[in-house]
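Enquirer: Sequence lines, in order, name chains A and B.
For the first sequence, the working numbering begins at 1 and goes up steadily by one.
For the second sequence, the working numbering begins at 1 and goes up steadily by one.
It should be emphasised that the hints constitute simulated quantities derived from the structure, not laboratory data.
Please note: incorrect hints may appear among the correct ones.
The list makes no distinction among identical chains, and a pair is therefore deemed to hold if it is satisfied within one copy or across any two copies.
Stated by the list, open to error - With a straight-line Cα cutoff of 30 Å, these simulated DSBU-like cross-link-like pairs (lysine-lysine) come out:
hint, residue 1, residue 2
1, K109, K80
2, K47, K172
3, K16, K257
4, K257, K47
5, K257, K80
6, K47, K73
7, K172, K109
8, K109, K73
9, K109, K47
10, K73, K16
11, K16, K47
12, K80, K16
13, K80, K172
None of these values were measured; they are calculated from a predicted model.
There are 2 protein chains.
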Amino acid sequence: MNLPFNQRLESACREKSNSLCIGLDINPDQFPEEADRSLAGMEAFGKDVIEATIEFCPVYKPNVAFFERFGSKGYELLEKLVDHIAGRAIVIADAKRGDIGNTSRQYAKAILETMGCDAITLSPYMGRDAIEPFIMNSEKGVFVLALTSNPGAGDLQMLETNSGRVYEHIIKMTLELNTNENAGLVVGATQAEFLEEIRAISPGLPWLIPGVGTQGGNLENALRISNQNGVGIVNISRGILYAGNGSLEAVVHAAQKYTHQIRELLWTPVNC
Amino acid sequence: MNLPFNQRLESACREKSNSLCIGLDINPDQFPEEADRSLAGMEAFGKDVIEATIEFCPVYKPNVAFFERFGSKGYELLEKLVDHIAGRAIVIADAKRGDIGNTSRQYAKAILETMGCDAITLSPYMGRDAIEPFIMNSEKGVFVLALTSNPGAGDLQMLETNSGRVYEHIIKMTLELNTNENAGLVVGATQAEFLEEIRAISPGLPWLIPGVGTQGGNLENALRISNQNGVGIVNISRGILYAGNGSLEAVVHAAQKYTHQIRELLWTPVNC
Numbered sequence: 001m002n003l004p005f006n007q008r009l010e011s012a013c014r015e016k017s018n019s020l021c022i023g024l025d026i027n028p029d030q031f032p033e034e035a036d037r038s039l040a041g042m043e044a045f046g047k048d049v050i051e052a053t054i055e056f057c058p059v060y061k062p063n064v065a066f067f068e069r070f071g072s073k074g075y076e077l078l079e080k081l082v083d084h085i086a087g088r089a090i091v092i093a094d095a096k097r098g099d100i101g102n103t104s105r106q107y108a109k110a111i112l113e114t115m116g117c118d119a120i121t122l123s124p125y126m127g128r129d130a131i132e133p134f135i136m137n138s139e140k141g142v143f144v145l146a147l148t149s150n151p152g153a154g155d156l157q158m159l160e161t162n163s164g165r166v167y168e169h170i171i172k173m174t175l176e177l178n179t180n181e182n183a184g185l186v187v188g189a190t191q192a193e194f195l196e197e198i199r200a201i202s203p204g205l206p207w208l209i210p211g212v213g214t215q216g217g218n219l220e221n222a223l224r225i226s227n228q229n230g231v232g233i234v235n236i237s238r239g240i241l242y243a244g245n246g247s248l249e250a251v252v253h254a255a256q257k258y259t260h261q262i263r264e265l266l267w268t269p270v271n272c
Numbered sequence: 001m002n003l004p005f006n007q008r009l010e011s012a013c014r015e016k017s018n019s020l021c022i023g024l025d026i027n028p029d030q031f032p033e034e035a036d037r038s039l040a041g042m043e044a045f046g047k048d049v050i051e052a053t054i055e056f057c058p059v060y061k062p063n064v065a066f067f068e069r070f071g072s073k074g075y076e077l078l079e080k081l082v083d084h085i086a087g088r089a090i091v092i093a094d095a096k097r098g099d100i101g102n103t104s105r106q107y108a109k110a111i112l113e114t115m116g117c118d119a120i121t122l123s124p125y126m127g128r129d130a131i132e133p134f135i136m137n138s139e140k141g142v143f144v145l146a147l148t149s150n151p152g153a154g155d156l157q158m159l160e161t162n163s164g165r166v167y168e169h170i171i172k173m174t175l176e177l178n179t180n181e182n183a184g185l186v187v188g189a190t191q192a193e194f195l196e197e198i199r200a201i202s203p204g205l206p207w208l209i210p211g212v213g214t215q216g217g218n219l220e221n222a223l224r225i226s227n228q229n230g231v232g233i234v235n236i237s238r239g240i241l242y243a244g245n246g247s248l249e250a251v252v253h254a255a256q257k258y259t260h261q262i263r264e265l266l267w268t269p270v271n272c
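Chain A on its own, in the form it takes in the complex (with noise of 0.2 Å):
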């Protein structure tokens, strides 16, 4: 009765006729100079943001490690968070786990049951019995990382086998493990030459897409092609959180600023 996760992304994409996936890297150090940076001021700031920007947001990224820095209150806050979101967005842990069946188990128990996160991200590097723990549920989602935005992508995503590159093989095995519906790549958006290839083996896949914004990705880029067979959102942290000022009016008008391009790219034309 319950729409697998894939389905449940792209309804709460057209609902809100955008594909922006802000990223919750809330990060004291950068807050502006007079704001309150403890953990009650992180947890004003993430409140603000989400409230100010749930209306037109389909998709959040708490990004794990950002909480944790600050050890079990961190944590704490992080499930705050969740809870403030409420099912009125979905979101996405940034949590990159991937560990044995037995421990995945466990990661995905903490993750998607305890937290109650809708889908996580995950490394693909212990290979198919890292992941299936996390798909056992199709309402929930993983997105394996596929081709990832930082320069160490090359060092061993890249590298060629007898049959295809390293994150073609990951490719592969995640297309065989989405019978639920509910997997998913990482894709970055600064691997502007290889995203069509990529697009062309993932069919049907929804990628999520890091790399726009501090990293240098072109957003219309990835956002084409991604929507040419699936569905792309686009991640923005930095670019938000910390826009102009650092005030919450600067942070909305950046996730508008991204919206309206969005919007302009995909959403237009298909809706009027």
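Position chain B relative to chain A; hints supplied.
Expert: Quick look at chain B alone, frame taken from chain A:
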């Protein structure tokens, strides 16, 4: 003035004439029928195990997933257990983290500073810049996944490239990153036929070896090969924590049994 991590690890093993790592995968689902399965019960169990084994056990490896499963309260329990060890043994956070540099810096703060662990396990899918923030402080160490003990290890790690298998590239990269003498590898004991070859190409790098016990890897083989050219420590989790009838006596007996085996193989001929 302070020793780099790899030397600290070696000293800890030498001081206790032991190469055992007890994996703190505390899972109340596996507690005996009559045990207290609450967080308080888990805390008491964890502290009891530590107190009863720390005289002879040089390394503990809490598996972060088993704590995150219980949310921020579980995370807090993990902090308490690390505090409880209080420098009396090396603590490796089995977290398998790894992200772009900006995020890895936050994870490094979380695990090595805020939580105060001595080392962390890392997943290398994102390459060099996912590892570097963890090895800036030479006193703290990393164990990079190379060839793991699980069935899915073959999906990616064993892929043949034009210049060796994927895991061989990771080993080469880790060797290059070991300039501060604080990088090591995770090598599964179940990969028996590859251990000699891996030791040959990873001179001096410490190994953290899972896969002995429940997963079926051979202790003697793994210990003998790993210690030929560096430190090799063998992790046992379920085989100790849930040994026999699950009583503390059974746990300690299992830890002593493994210690005895390890000393027979490695320490007695050297020290006597």
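Enquirer: Checking K16 and K257: alpha-carbon separation at most 30 Å within a copy, between copies, both or neither?
Expert: The answer is within: 15 Å in one copy meets 30 Å, while 61 Å across copies does not.
Enquirer: Within a copy, between copies, both or neither: which one fits K109 and K47 at a CA-CA cutoff of 30 Å?
Expert: Answer is both: 25 Å inside a copy and 24 Å across each meet the 30 Å cutoff.
Enquirer: One pair to classify: K109 and K73, alpha carbons no more than 30 Å apart. Within, between, both, or neither?
Expert: both (20 Å within a copy, 14 Å between copies)
Enquirer: If the cutoff is 30 Å on CA atoms, where do K16 and K47 land: within, between, both or neither? Let me know, please.
Expert: For K16 and K47, the Cα distance is within 30 Å only inside one copy (19 Å; across copies 50 Å).
Enquirer: Within a copy, between copies, both or neither: where do K109 and K80 come within 30 Å Cα-Cα?
Expert: both (17 Å within a copy, 21 Å between copies)
Enquirer: Should K172 paired with K109 be assigned to within, between, both, or neither, using CA atoms and 30 Å as the limit?
Expert: within (26 Å within a copy, 35 Å between copies)
Enquirer: If the cutoff is 30 Å on CA atoms, where do K257 and K80 land: within, between, both or neither? Let me know, please.
Expert: within (27 Å within a copy, 45 Å between copies)
Enquirer: With identical chains treated as interchangeable, where does the CA-CA distance between K73 and K16 reach 30 Å or less: within a copy, between copies, both, or neither?
Expert: neither (33 Å within a copy, 35 Å between copies)
Enquirer: Taking 30 Å as the upper bound on the Cα-Cα distance, should K47 and K73 be classified as within, between, both, or neither?
Expert: both (16 Å within a copy, 22 Å between copies)
Enquirer: Using 30 Å as the alpha carbon limit, work out where K80 and K16 are close: within a copy, between copies, both or neither.
Expert: within (24 Å within a copy, 44 Å between copies)
Enquirer: Is it within a copy, between copies, both, or neither that the alpha carbon of K47 lies no farther than 30 Å from that of K172?
Expert: neither (38 Å within a copy, 45 Å between copies)
Enquirer: Please work out whether the CA atoms of K257 and K47 approach to 30 Å or closer within one copy, between two copies, in both situations, or in neither?
Expert: within (20 Å within a copy, 53 Å between copies)
Of the numbered hints stated above, those contradicted by the structure are hints 2, 10, 13, listed in ascending order.
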